[in-house]
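Peer 1: Chain residues, written in single-letter form:
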Amino acid sequence: MQINAYDILEKVRAEKPLVHHLTNWVTIYDCANVVKVLGASPVMAHAPEEVAEMSGIASALVLNIGTLTTDLVESMKIAARSAKRKGIPVVLDVCGAGATKFRDDKSFELLNETRIDVIKGNASEVARIAGEDVRTKGVDGGAVGRDLAEVAVELAKGRVCTVVITGKDDIVTDGGATYIVTNGHNMMGGIVGTGCMAASVIGTFCAVESDLARAAASGLCCFGIAAELAAEDCPGPGAFKEKLFDCAYSLNREQIESMQRIVSARTEAP
Amino acid sequence: MQINAYDILEKVRAEKPLVHHLTNWVTIYDCANVVKVLGASPVMAHAPEEVAEMSGIASALVLNIGTLTTDLVESMKIAARSAKRKGIPVVLDVCGAGATKFRDDKSFELLNETRIDVIKGNASEVARIAGEDVRTKGVDGGAVGRDLAEVAVELAKGRVCTVVITGKDDIVTDGGATYIVTNGHNMMGGIVGTGCMAASVIGTFCAVESDLARAAASGLCCFGIAAELAAEDCPGPGAFKEKLFDCAYSLNREQIESMQRIVSARTEAP
Amino acid sequence: MQINAYDILEKVRAEKPLVHHLTNWVTIYDCANVVKVLGASPVMAHAPEEVAEMSGIASALVLNIGTLTTDLVESMKIAARSAKRKGIPVVLDVCGAGATKFRDDKSFELLNETRIDVIKGNASEVARIAGEDVRTKGVDGGAVGRDLAEVAVELAKGRVCTVVITGKDDIVTDGGATYIVTNGHNMMGGIVGTGCMAASVIGTFCAVESDLARAAASGLCCFGIAAELAAEDCPGPGAFKEKLFDCAYSLNREQIESMQRIVSARTEAP
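Protein chains in written order, with this note's numbering: chain V, 1 to 270; chain D, 1001 to 1270; chain C, 2001 to 2270.
Just so you know, these hints were derived from the structure itself, not from any lab.
Every residue, glycine too, gets a C-beta built ideally from N, C-alpha and C.
Among the clues, some could well be false.
[Said to hold, decoys possible] The calculated label-pair distances, taken between Cβ atoms and stated as ranges, are:
#, chain 1, residue 1, chain 2, residue 2, range
1, D, 1115, V, 14, 43 to 49 angstroms
2, D, 1085, V, 233, 51 to 57 angstroms
3, D, 1263, V, 15, 32 to 38 angstroms
[Unchecked claim] Within a straight-line C-alpha distance of at most 27 angstroms, the following computed DSSO-like cross-link-like pairs (lysine-lysine) qualify:
#, chain 1, residue 1, chain 2, residue 2
4, C, 2137, D, 1077
5, C, 2137, D, 1086
6, D, 1137, V, 11
7, V, 77, D, 1137
8, V, 137, C, 2137
9, D, 1011, C, 2137
10, C, 2101, D, 1086
11, D, 1011, C, 2168
12, D, 1086, V, 77
13, C, 2086, V, 101
14, C, 2101, C, 2077
15, C, 2077, V, 101
16, V, 137, C, 2077
[Stated by the list, open to error] From chain V, some residues computed to sit far from chain D (all C-beta separations above 12 angstroms):
#, residue
17, 2
18, 49
19, 112
20, 140
21, 168
With these hints in hand, go ahead and build the complete structure from the sequences.
Peer 2: Here it is in structure tokens:
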């Protein structure tokens, strides 16, 4: 089935879903703002006393362990359980997994104790979650020996969820359908925050489209196109980031339909 | 009495008041920076061990419950009591009130246990604080049935404070004088942070002008004019935000006096 | 020995050191992003369970007490001890020292209980740490009576570390060699965050150059040159900040060698 990323963006703009985040303190503004400029409504709330209620009025939940603490992860669990009761999708950005044992342990706690619908990370982060022996350098990716799509499909099947590996090419799979999104620009790696924003974009698209792999691929495609447009005549990373918001805000059907690069790669049955 | 918003801005620039904030982790930079570009001096500090001392050297205190926790609200109470001992104005942005019971409860705790001089929020947030039966969607406004100015005046009288409802038209009242500020631009709603920044602007203006309704109306007017100037030839929300800081920084008498739109609406005695 | 700031910047770009931060919640994004645009890799992590491991894979540690709490300072101590075991430099930005007793106490705790390699602050902050009777206005500097270079050298000798006092002219000394860096632009004082970013820049340069005074002077020189370039044809502080990242990103040998203003001031033996 052909993906039309613009159709899902239009649903975001029409439905303006509330996207609840428990995220890190570095890129929290960017996560909120990217949701906003796409036409949706971000809310950040992490107190254990209110996260269940906030997730209960939201249409998607985004968790990001970039600056995790034990308390924050406990709030994430409460929020994720509430999200599950309401039936909304939960995205987990395993930011920095592979860098410390604490991040690995807490990632696995979240995956084992709650229902995560989309696992998202860069190559070394996701590989670590998939059980590979890799080392993440802080929150920047490290090298992974195996074929990444294979790692993603295996993890998606094992965890019965959608897996997203971001990078030069983004890999999205639910274990059945697999999409490779080649939109994007290498300037995205020149600033802090695009990885975290990608998770927020995925959450926003998953809020309005129940096929989560299609939603995630569409979101990454739109975000990548915005980045390509932002990089035109761009003097540097400061200007790029500002233009990224401008371009995401004004994305139109013509741009997306002419620039969309999503390849569907049917994966083998096991 | 006629308001001249520029006169109060000039006092801000001359006196450079220190504005102490306990605010949320999403827009904390923007809150600090808007105070800075207006010519004042922001400081953010939330440890219970130091908030009293910090408020004690400040000229205004701004509280914002956008990403509240129980501990943070306890620090807010300590800061507010210190502010009261020193006699400086305390602004409370009831960010997200009406979205969760926790936010409502903590807002009322702050209002009942400390002396708040200015209550600020969007329509549904303030309506909730005024006891109306409304529902806030995260931190974005919901619909309110009643006449907003009436709600604001009633709340101002009941709490003996100044009440600010931000929106397309901003309403400012101390229960006696009521001002409607129609400066601003709809691009302000297209990015995250303008609401929180408005509270910081109000705090900054209240730091140098003891008539808090006049101060708040003047601050919102200046901020709205900066937004109108920023929106000229503006390609999108990223550029708008950058220009908002530039325009707030360079606001001059001619701009403000020619663009100021503050209507004084004397309200009826009850 | 002549300093060539560009040579150290080239080492940063080639080695891409991981710079671990425990910093404040106001400028945390800017601290991370300035490290990124210089070509290095920032990571922010503050949970006591992981800071030792994160510092253990990093090449420098930057501590900033801008929005300190008791818990955060305890994490800083754990990180600093780990950094010392690994032998990487630790930079402490004594942000707001002199404003409250709590900041003074925690600064001294960090200095007395861990090994700090570079103490960095503005005039009144460093003067307070040096035992002078000064008062900091929030996080903005206050007046200091004594000759600043003298204060810095004395502190460097007393604490056996490098001391950096930022301001119109930056002073860097390890007690032996003293450098005055006069690069920079007064627009840096017009926005929030340049002071914190300066500490991150210093940490980044110290990650690749073991002569910490040379590293710090070189970092401040490069950052100051980026600011001078950013201030050209600059409409205001919003644009300045964006351009600061662009200019830091694209700094080249020609710019730095033609614009570098570092004066070596050999200080007297005591």
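Peer 1: Starting from the hint list further up, note which numbers the structure goes against and sort them upward.
Peer 2: 8, 12, 18
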